[in-house]
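*Asks:* If you want the building blocks of each chain, they are given just below.
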Amino acid sequence: MGYFKRFLIIFISGAVQVFFASYLMLELLGFNLGWHLSNSNIMFVPGVLVFLGAAYLTFSYYFLDSQKVNNALYDEFTALRAYKLGSVGYGLKGMGIFILFSIQDWSNWSFQMANSMIYQIAAFAWLVFGVLLVCFSVGDYQESKIG
Amino acid sequence: MGRSHKKLLNNLEELRKSAGLTQQELSESAEVSRKSINAIENGIYVPSTVLALKISKTLDCKVEDIFKLP
Numbered sequence: 001m002g003y004f005k006r007f008l009i010i011f012i013s014g015a016v017q018v019f020f021a022s023y024l025m026l027e028l029l030g031f032n033l034g035w036h037l038s039n040s041n042i043m044f045v046p047g048v049l050v051f052l053g054a055a056y057l058t059f060s061y062y063f064l065d066s067q068k069v070n071n072a073l074y075d076e077f078t079a080l081r082a083y084k085l086g087s088v089g090y091g092l093k094g095m096g097i098f099i100l101f102s103i104q105d106w107s108n109w110s111f112q113m114a115n116s117m118i119y120q121i122a123a124f125a126w127l128v129f130g131v132l133l134v135c136f137s138v139g140d141y142q143e144s145k146i147g
Numbered sequence: 001m002g003r004s005h006k007k008l009l010n011n012l013e014e015l016r017k018s019a020g021l022t023q024q025e026l027s028e029s030a031e032v033s034r035k036s037i038n039a040i041e042n043g044i045y046v047p048s049t050v051l052a053l054k055i056s057k058t059l060d061c062k063v064e065d066i067f068k069l070p
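Those protein sequence lines, which keep their order, are chains A and B. All residue numbers for the first sequence refer to our numbering, where the first residue is 1 and numbers rise by one. All residue numbers for the second sequence refer to our numbering, where the first residue is 1 and numbers rise by one.
Rather than coming from a laboratory, the hints here were simulated on the basis of the structure. There could be a bad hint or two in this list.
Capping the alpha-carbon separation at 30 angstroms, the derived lysine-lysine pairs in DSSO-like fashion look like this [said to hold, decoys possible]:
1. A/93 with A/5
2. A/84 with B/7
3. B/54 with B/6
4. B/68 with B/57
5. B/62 with B/6
6. A/5 with B/62
7. B/54 with B/7
8. A/145 with B/62
9. B/62 with A/68
10. A/68 with A/84
11. A/145 with A/5
12. A/84 with B/68
13. B/6 with B/17
14. B/62 with B/7
15. A/5 with A/68
16. A/5 with B/68
17. B/57 with B/7
18. B/68 with B/17
19. A/145 with B/17
20. B/54 with B/17
21. B/57 with B/17
22. B/54 with A/68
23. B/68 with B/6
24. B/57 with A/68
25. B/17 with B/7
26. B/6 with A/5
27. B/17 with A/68
Among chain B residues calculated to face chain A with C-beta under 8 angstroms, some are [claimed, not checked]:
28. 7
29. 8
30. 25
31. 27
32. 28
33. 32
34. 33
35. 36
36. 49
Computed beta-carbon distance windows for the label pairs [stated by the list, open to error]:
37. A/103 with B/69: 46 to 56 angstroms
38. B/9 with A/31: 20 to 30 angstroms
39. B/57 with A/62: 51 to 61 angstroms
40. A/47 with B/19: 43 to 53 angstroms
Using N, Cα and C, we set each Cβ at its ideal position, and we do this for glycine too.
Construct the entire structure; sequences and hints are all you get.
*Replies:* And the structure:
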């Protein structure tokens, strides 16, 4: 595992998440894109990619890479970068959920609308998470070019 | 003192160069990424105690020779 390989894994996971989450958000907010995909199927694809990517990174850390490689890839500065991005993510998710709650039509509330709101929150969380993954991967790409 | 963090002055770049080490070589010896060494030298990142001690051990000097409070 090197910086470029980790960049590819994280970038692809993030970009796919951004794509599907954006699509779902647009559908739920009333833009009819007409792909006829069910909400659950849309959420499934990036979920599988993230799961496989995380599994490979973990397997690689414990079974494939040397200590020297792991020291470079998972050091304290990288952890700080991930922590800072995570903090930004929490902030964005908080604001997004507040907005999503605010735009609901509470006077005509129904189970269908509740279901839709849950998907909106999930799609927004995926979107933020995907953007953060892409941002994190950019650092790995820059390092791979230097290294 | 080189470019430093507002809470911690550092002399790392100068000491590393006088020891004849590249950032990559120092990072391997201190068991971190090259990016960490670069970030410390440029005052972007304040290292942990363990990392500061590892760097000082590699450069064969005291931690106080590398890092100082402003």
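*Asks:* It remains to establish, for every hint, whether it holds in the given structure.
*Replies:* Consistency of the hints with the structure:
1. About 29 angstroms separates the Cα atoms of residue 93 of chain A and residue 5 of chain A, which keeps this hinted pair within 30 angstroms; it holds.
2. With a C-alpha separation of about 19 angstroms, the suggested pairing of residue 84 of chain A with residue 7 of chain B holds against the 30 angstroms cut-off.
3. For the proposed pair residue 54 of chain B and residue 6 of chain B, the alpha carbon gap of about 22 angstroms is at most 30 angstroms, so the pair holds.
4. Taking the CA atoms of residue 68 of chain B and residue 57 of chain B, the gap is about 17 angstroms. The hint holds against a cut of 30 angstroms.
5. A hinted pair counts as satisfied when its Cα atoms are at most 30 angstroms apart, and residue 62 of chain B with residue 6 of chain B qualifies at roughly 21 angstroms.
6. Proximity of residue 5 of chain A to residue 62 of chain B is assessed by CA-CA distance (about 37 angstroms); at most 30 angstroms being required, the pair is judged violated.
7. At most 30 angstroms may separate the alpha-carbon atoms for a hinted pair to count; residue 54 of chain B and residue 7 of chain B meet this at roughly 20 angstroms.
8. A hinted pair counts as satisfied when its Cα atoms are at most 30 angstroms apart, and residue 145 of chain A with residue 62 of chain B does not qualify at roughly 34 angstroms.
9. About 25 angstroms separates the Cα atoms of residue 62 of chain B and residue 68 of chain A, which keeps this hinted pair within 30 angstroms; it holds.
10. A distance of roughly 25 angstroms separates the Cα atoms of residue 68 of chain A and residue 84 of chain A; the hinted pair therefore holds under the 30 angstroms criterion.
11. At roughly 12 angstroms between alpha-carbon atoms, residue 145 of chain A and residue 5 of chain A fall within 30 angstroms of each other, so this suggested pair holds.
12. Proposed proximity of residue 84 of chain A and residue 68 of chain B is supported: the alpha carbons are some 25 angstroms apart, at most 30 angstroms.
13. Annotation: proposed proximity of residue 6 of chain B to residue 17 of chain B holds, straight-line Cα distance about 23 angstroms (limit 30 angstroms).
14. Among the hinted pairs, residue 62 of chain B with residue 7 of chain B is consistent with the structure: their alpha-carbon atoms are about 19 angstroms apart, no more than 30 angstroms.
15. With a CA separation close to 16 angstroms, the supplied pair residue 5 of chain A and residue 68 of chain A stays within the 30 angstroms bound.
16. Straight-line distance between C-alpha atoms of residue 5 of chain A and residue 68 of chain B comes to about 38 angstroms, which puts the hinted pair past the 30 angstroms bound.
17. Restraint check: the Cα-Cα separation between residue 57 of chain B and residue 7 of chain B comes to about 22 angstroms, which is no more than 30 angstroms; the hinted pair holds.
18. Using a Cα cut-off of 30 angstroms, the hinted pair residue 68 of chain B and residue 17 of chain B holds, with the two alpha carbons roughly 19 angstroms apart.
19. Note on residue 145 of chain A and residue 17 of chain B: the hinted pairing holds, with a Cα-Cα distance of about 23 angstroms set against a maximum of 30 angstroms.
20. Taking the CA atoms of residue 54 of chain B and residue 17 of chain B, the gap is about 17 angstroms. The hint holds against a cut of 30 angstroms.
21. A distance of roughly 15 angstroms separates the Cα atoms of residue 57 of chain B and residue 17 of chain B; the hinted pair therefore holds under the 30 angstroms criterion.
22. The suggested pairing of residue 54 of chain B with residue 68 of chain A holds, with an alpha-carbon distance near 15 angstroms, which does not exceed 30 angstroms.
23. A distance of roughly 11 angstroms separates the Cα atoms of residue 68 of chain B and residue 6 of chain B; the hinted pair therefore holds under the 30 angstroms criterion.
24. Distance check on the hinted pair: residue 57 of chain B and residue 68 of chain A sit about 18 angstroms apart at the alpha-carbon level, within 30 angstroms; holds.
25. For the hint linking residue 17 of chain B to residue 7 of chain B, the alpha-carbon distance of about 23 angstroms falls within 30 angstroms, and the restraint holds.
26. For the suggested pair residue 6 of chain B and residue 5 of chain A, the alpha carbons sit about 35 angstroms apart, so the restraint of at most 30 angstroms is broken.
27. For the suggested pair residue 17 of chain B and residue 68 of chain A, the alpha carbons sit about 22 angstroms apart, so the restraint of at most 30 angstroms is met.
28. This hint is violated: residue 7 of chain B has a C-beta 15 angstroms from the nearest C-beta of chain A, more than the 8 angstroms allowed.
29. With its C-beta approaching chain A no nearer than about 14 angstroms, residue 8 of chain B sits outside the 8 angstroms limit, and its interface hint is violated.
30. Below 8 angstroms, beta-carbon pairs count as interface contacts, and residue 25 of chain B has none with chain A, the closest being about 12 angstroms; its hint is therefore violated.
31. For residue 27 of chain B, the interface hint holds, the least distance from its beta-carbon to any beta-carbon of chain A being 7 angstroms, beneath 8 angstroms.
32. The restraint placing residue 28 of chain B at the interface with chain A holds, with a minimum CB-CB distance near 7 angstroms, inside the 8 angstroms limit.
33. For the restraint placing residue 32 of chain B at the interface with chain A, the shortest Cβ-Cβ distance is roughly 4 angstroms, inside the 8 angstroms limit, so the hint holds.
34. Look at residue 33 of chain B: its Cβ gets to within about 4 angstroms of chain A, closer than 8 angstroms, so that hint holds up.
35. Interface restraint check for residue 36 of chain B: the shortest CB-CB distance to chain A comes to about 4 angstroms, inside 8 angstroms, so the restraint holds.
36. With 8 angstroms as the threshold, the beta carbon of residue 49 of chain B stays out of range of chain A, its nearest partner Cβ sitting at about 11 angstroms, so the hint is violated.
37. Look at residue 103 of chain A against residue 69 of chain B: about 50 angstroms separates their beta carbons, and that is inside 46 to 56 angstroms.
38. At roughly 54 angstroms, the beta carbons of residue 9 of chain B and residue 31 of chain A sit outside the given window of 20 to 30 angstroms.
39. Between residue 57 of chain B and residue 62 of chain A the Cβ separation comes to about 27 angstroms, which falls outside the hinted range of 51 to 61 angstroms.
40. Distance hint for residue 47 of chain A and residue 19 of chain B: a CB-CB separation of about 49 angstroms, consistent with the stated range 43 to 53 angstroms.
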